[in-house]
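Chains as they are written, first to last, in our numbering: chain Y, 1 to 464; chain P, 1001 to 1464.
There may be inaccurate statements among the hints.
Claimed, not checked - Listed next, with one range per pair, are the computed distances between beta-carbon atoms:
id: 1; chain 1: Y; residue 1: S246; chain 2: P; residue 2: K1290; range: 15 to 23 Å
id: 2; chain 1: P; residue 1: I1314; chain 2: Y; residue 2: E107; range: 21 to 29 Å
id: 3; chain 1: P; residue 1: S1447; chain 2: Y; residue 2: A395; range: 42 to 50 Å
id: 4; chain 1: Y; residue 1: E103; chain 2: P; residue 2: D1232; range: 28 to 36 Å
id: 5; chain 1: P; residue 1: E1107; chain 2: Y; residue 2: E266; range: 30 to 38 Å
id: 6; chain 1: Y; residue 1: K62; chain 2: P; residue 2: D1416; range: 20 to 28 Å
As the list claims (entries may be wrong) - The calculated EDC-like cross-link candidates involving lysine to aspartate or glutamate, where the alpha carbons are at most 20 Å apart (straight line), are:
id: 7; chain 1: Y; residue 1: K398; chain 2: Y; residue 2: D369
id: 8; chain 1: P; residue 1: K1290; chain 2: Y; residue 2: E291
id: 9; chain 1: Y; residue 1: K366; chain 2: Y; residue 2: D390
id: 10; chain 1: Y; residue 1: K275; chain 2: Y; residue 2: D311
id: 11; chain 1: P; residue 1: K1289; chain 2: Y; residue 2: E291
id: 12; chain 1: P; residue 1: K1245; chain 2: Y; residue 2: E103
id: 13; chain 1: P; residue 1: K1022; chain 2: P; residue 2: E1037
id: 14; chain 1: Y; residue 1: K245; chain 2: Y; residue 2: E294
id: 15; chain 1: P; residue 1: K1215; chain 2: P; residue 2: E1181
id: 16; chain 1: P; residue 1: K1062; chain 2: P; residue 2: D1046
id: 17; chain 1: P; residue 1: K1299; chain 2: Y; residue 2: D130
id: 18; chain 1: Y; residue 1: K159; chain 2: P; residue 2: D1106
id: 19; chain 1: P; residue 1: K1245; chain 2: P; residue 2: E1306
id: 20; chain 1: Y; residue 1: K411; chain 2: P; residue 2: E1181
id: 21; chain 1: Y; residue 1: K5; chain 2: Y; residue 2: E68
id: 22; chain 1: P; residue 1: K1336; chain 2: P; residue 2: E1037
id: 23; chain 1: Y; residue 1: K271; chain 2: Y; residue 2: D311
id: 24; chain 1: P; residue 1: K1247; chain 2: Y; residue 2: E257
id: 25; chain 1: Y; residue 1: K221; chain 2: P; residue 2: D1295
id: 26; chain 1: P; residue 1: K1336; chain 2: P; residue 2: D1369
id: 27; chain 1: P; residue 1: K1062; chain 2: Y; residue 2: D440
id: 28; chain 1: P; residue 1: K1299; chain 2: P; residue 2: D1311
id: 29; chain 1: P; residue 1: K1100; chain 2: P; residue 2: E1050
id: 30; chain 1: P; residue 1: K1215; chain 2: Y; residue 2: D416
id: 31; chain 1: P; residue 1: K1299; chain 2: Y; residue 2: E107
id: 32; chain 1: Y; residue 1: K159; chain 2: P; residue 2: D1165
id: 33; chain 1: P; residue 1: K1411; chain 2: Y; residue 2: E181
id: 34; chain 1: P; residue 1: K1242; chain 2: Y; residue 2: D106
Because the hints were derived from the structure by calculation, they are not lab data. Using N, Cα and C, we set each Cβ at its ideal position, and we do this for glycine too.
There are 2 protein chains.
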Amino acid sequence: MAYKKIDSKDIEFLVSVAGKDKVFVGDQIHETYSRDEIVHAGKYPDVVVEAESTEEISRIMKYAYEQEIIVTPRGQGTGLAGASVAFQGGIMISTVRMNKILELDDENLTLTVEPGVLLMDIIKFVQSNDLFYPPDPGEKSASIGGNISTNAGGMKAVKYGVTRDYVRGLEVVLPDGRVIEVGGKNVKNSSGYSIKDLIIGAEGTLGFITKAILKLLPLPKVSYSLLVPFPDLATAIETVPKIIKSKSIPTAIEFMERSAIVAAEEFLGKKFPDKSSDAYLLLTFDGNKKEEVEDAYEKVAHICLEAGAFDVFISNTQERQETIWKTRGAFLEAIKASTSELDECDVVVPRNKVAEFIKFTNVLQKEIDIRIQSFGHAGDGNLHVYVLRDDLPAAEWKAKLTKAFDRMYAKAAELDGLTSGEHGIGSEKKPFLEKAMGEDYMSVLKSIKAAFDPKNILNPGKVC
Amino acid sequence: MAYKKIDSKDIEFLVSVAGKDKVFVGDQIHETYSRDEIVHAGKYPDVVVEAESTEEISRIMKYAYEQEIIVTPRGQGTGLAGASVAFQGGIMISTVRMNKILELDDENLTLTVEPGVLLMDIIKFVQSNDLFYPPDPGEKSASIGGNISTNAGGMKAVKYGVTRDYVRGLEVVLPDGRVIEVGGKNVKNSSGYSIKDLIIGAEGTLGFITKAILKLLPLPKVSYSLLVPFPDLATAIETVPKIIKSKSIPTAIEFMERSAIVAAEEFLGKKFPDKSSDAYLLLTFDGNKKEEVEDAYEKVAHICLEAGAFDVFISNTQERQETIWKTRGAFLEAIKASTSELDECDVVVPRNKVAEFIKFTNVLQKEIDIRIQSFGHAGDGNLHVYVLRDDLPAAEWKAKLTKAFDRMYAKAAELDGLTSGEHGIGSEKKPFLEKAMGEDYMSVLKSIKAAFDPKNILNPGKVC
Chain Y
1 MAYKKIDSKD IEFLVSVAGK DKVFVGDQIH ETYSRDEIVH AGKYPDVVVE
51 AESTEEISRI MKYAYEQEII VTPRGQGTGL AGASVAFQGG IMISTVRMNK
101 ILELDDENLT LTVEPGVLLM DIIKFVQSND LFYPPDPGEK SASIGGNIST
151 NAGGMKAVKY GVTRDYVRGL EVVLPDGRVI EVGGKNVKNS SGYSIKDLII
201 GAEGTLGFIT KAILKLLPLP KVSYSLLVPF PDLATAIETV PKIIKSKSIP
251 TAIEFMERSA IVAAEEFLGK KFPDKSSDAY LLLTFDGNKK EEVEDAYEKV
301 AHICLEAGAF DVFISNTQER QETIWKTRGA FLEAIKASTS ELDECDVVVP
351 RNKVAEFIKF TNVLQKEIDI RIQSFGHAGD GNLHVYVLRD DLPAAEWKAK
401 LTKAFDRMYA KAAELDGLTS GEHGIGSEKK PFLEKAMGED YMSVLKSIKA
451 AFDPKNILNP GKVC
Chain P
1001 MAYKKIDSKD IEFLVSVAGK DKVFVGDQIH ETYSRDEIVH AGKYPDVVVE
1051 AESTEEISRI MKYAYEQEII VTPRGQGTGL AGASVAFQGG IMISTVRMNK
1101 ILELDDENLT LTVEPGVLLM DIIKFVQSND LFYPPDPGEK SASIGGNIST
1151 NAGGMKAVKY GVTRDYVRGL EVVLPDGRVI EVGGKNVKNS SGYSIKDLII
1201 GAEGTLGFIT KAILKLLPLP KVSYSLLVPF PDLATAIETV PKIIKSKSIP
1251 TAIEFMERSA IVAAEEFLGK KFPDKSSDAY LLLTFDGNKK EEVEDAYEKV
1301 AHICLEAGAF DVFISNTQER QETIWKTRGA FLEAIKASTS ELDECDVVVP
1351 RNKVAEFIKF TNVLQKEIDI RIQSFGHAGD GNLHVYVLRD DLPAAEWKAK
1401 LTKAFDRMYA KAAELDGLTS GEHGIGSEKK PFLEKAMGED YMSVLKSIKA
1451 AFDPKNILNP GKVC
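Using the sequences and the hints given, assemble the complete structure.
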């Protein structure tokens, strides 16, 4: 498909809509707009518009649709699969200026926000109102629009679910510029196909999110974290299905290896409470009553010790818990800092298959002779497996990475897992999604895309 | 669009697929297959097939797609909006024989079921394993396939959410007979557009659900119910936003009027603990610790008394709670038994708008001079408002019903509510959905339908 190339008339139009100070071309475009956190494509859009309202975005989309110009929606660019990179140029619409919290409704427990509000600002704002927005992805400087677009998950999915579970309503600009509202503040909805759920996780390919109504919960009053050292990773991970089976529901269950802890210590310049063991589970429990939460974690501590844990370290002060979880939060950056280049595999598998998958990657790294590091959400089966380039020459790196990815995605499919647990498909994981899901599934995705965007102008080449 | 009429060759094909004893034509078709619980259309399909496997349904769909024959999916026919009625004849595929619970996986907390399993059987089965399937629609003899197709809600949505929140994976036969699997046992999923969420609530118009993987929770150990008498309905309902604002999360908050209680008493032949007041809130609290649950309900009891409640009756025995909730569960049947015909409006509004909506219906019933009864889920804003025919002549009934519905749906839209909270759109609520949502929204629904079913053979004329 031949798209229209941007010319001076198009720029004139964009300036007439958004104003001169919000439209950037050529050298004015900041380097960050050429990449995301994994894909350093060096591909620039022809023009960046920092939109300020739904109306601006609607007018630009209508124009782009008529003129057949590519539009790439952009939040903070913290994605890991290339979804917000403008590989084919065109217009990039950034939501960086649409960063207002519009309303806290404490009678309906909802928060209405613009798409450019940062996750960290939402968390802080609702906490200061004694409320709780549970989704907890590691990258707190992501925009909420980006979180919704990838259906971001995070650590607390074990107990609280993912971003999808906390989006009550959306305002969406369709590829042709029309604006629809879906959902709202309503708790239930059986009023036609759930367009809302289709837009969530669509990585900006079906519509442009311009407003979101989020569901909030009361802030839990008590929280404990448990750091549990194990002799090895297999023993640690194999304990998780036993915890689930015991009908305890921790808020989070993460697994980590000593190597990741050491890397994070170096990166942060801060000491972790313990690194004498090869492998750890890190758990959190929250609730409103001390006794209730204590009961829950004591039961789980007992299960861990029975399963071979060396010890159970309990933290109940906020400071201590923050230290531990900050280390966990720094893993990706620490691993990044430890190598020249990396790529990640974000598969999700049923919770009782995590151990098998991790064993497989350990064998694989020896077989292919490449460094593979992993950590992740043991409690929800979502793994983050990083293949590291270190000092490999380009061709060898590409060949080994391809081989490792082919094998890992095939293994995930074999275990009834899925291509992406929370980071999305973007441009980079498309071949793996196609392979894992097959033609019938992909044809349904493509027909949905064509139904929303028959001219394929909104974020083309992503997802399907 | 002209569909192919069923002839003897088609019947032959269906018999060759499913066997003679599972294919019914003409007089062999049971009367229940001509209607649902509200729509007594007297419209029979040309043939009913009681399918027994995904393969049978796939082969029939493929054939029907090629031949351009209408197919209507059918569960237990307990719907309230006409979605499972074969208004235009063709093939009805009933899931009544696909009623097997396939697997309880206690390491992943999932239950895999065929679509014809009854809700009551799921509840009983998981309870006997100390587990919990939270969605709690009043109609326990509905099939799970039907519950998923309408995204059924129920009483416990305040705390636990709706059916959508408990569907992890689906097996779906597409309109052309291809079979896809979406989701699975995985806790997270960012692997392309959420087809699963599109099928949920699609009322059997986008695909035929042949298997479902449900998410389970541990069974809460403690449960209390509070029956709270108020001087009038407005005072009762206006208390609900105060409860939500107090950051307590009851499991359920229902409102009811004396007239509904009296009708249910008569219907069940059983006494309700109290009917001295005009209006009541009925609340449940559950959890794992007695103290935790007691704290929660005491706080809420206090709020109710401050807001003008006469008293708070607390039930903690299972027997006592069952009596109360059985009465609540019998409201629809009781109201049905009290009149000659009725139709219902199942709108949902933001929780702090319930009182305003109910006041509006009270004015409306006087203005139009027709009996209107309502009860519903005060805690989640989902109302069930019944317009009763009593002894009105047919023409007058139609005219008054149309007027009442037009006004009520317009009011719901004005309050930022939605056409259906949990019963779906089917054939009956389509005009109201169109009016409420507008052309742009409906055109998106239609384009999704066309993407899945370009020949419009699967349950045509429903939803959009």
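Holds or violated: P/K1247 to Y/E257, with C-alpha atoms at most 20 Å apart: violated (39 Å)
20 Å limit on alpha-carbon distance, applied to hinted pair P/K1100 and P/E1050: holds (14 Å)
Holds or violated: Y/K275 to Y/D311, with C-alpha atoms at most 20 Å apart: holds (12 Å)
Straight-line alpha-carbon gap P/K1245 to P/E1306, limit 20 Å: holds (14 Å)
P/S1447 versus Y/A395 beta-carbon gap, inside 42 to 50 Å or not: holds (45 Å)
Straight-line alpha-carbon gap Y/K5 to Y/E68, limit 20 Å: Holds, at about 9 Å.
Outcome of range test on Cβ distance (Y/K62, P/D1416; 20 to 28 Å): holds (26 Å)
Holds or violated: P/K1062 to P/D1046, with C-alpha atoms at most 20 Å apart: At roughly 18 Å apart (the allowed maximum being 20 Å), P/D1046 and P/K1062 satisfy the hint.
Straight-line alpha-carbon gap P/K1215 to Y/D416, limit 20 Å: With a Cα-Cα distance of about 16 Å, the restraint between P/K1215 and Y/D416 holds, given a limit of 20 Å.
Straight-line alpha-carbon gap Y/K271 to Y/D311, limit 20 Å: holds (19 Å)
Outcome for the supplied range 30 to 38 Å, where the beta carbon pair is P/E1107 and Y/E266: holds (36 Å)
Consistency of beta-carbon spacing, P/D1232 to Y/E103, with hint 28 to 36 Å: Cβ of Y/E103 to Cβ of P/D1232: about 31 Å, so the range 28 to 36 Å holds.
Of the numbered hints stated above, those contradicted by the structure are hints 13 and 24, listed in ascending order.
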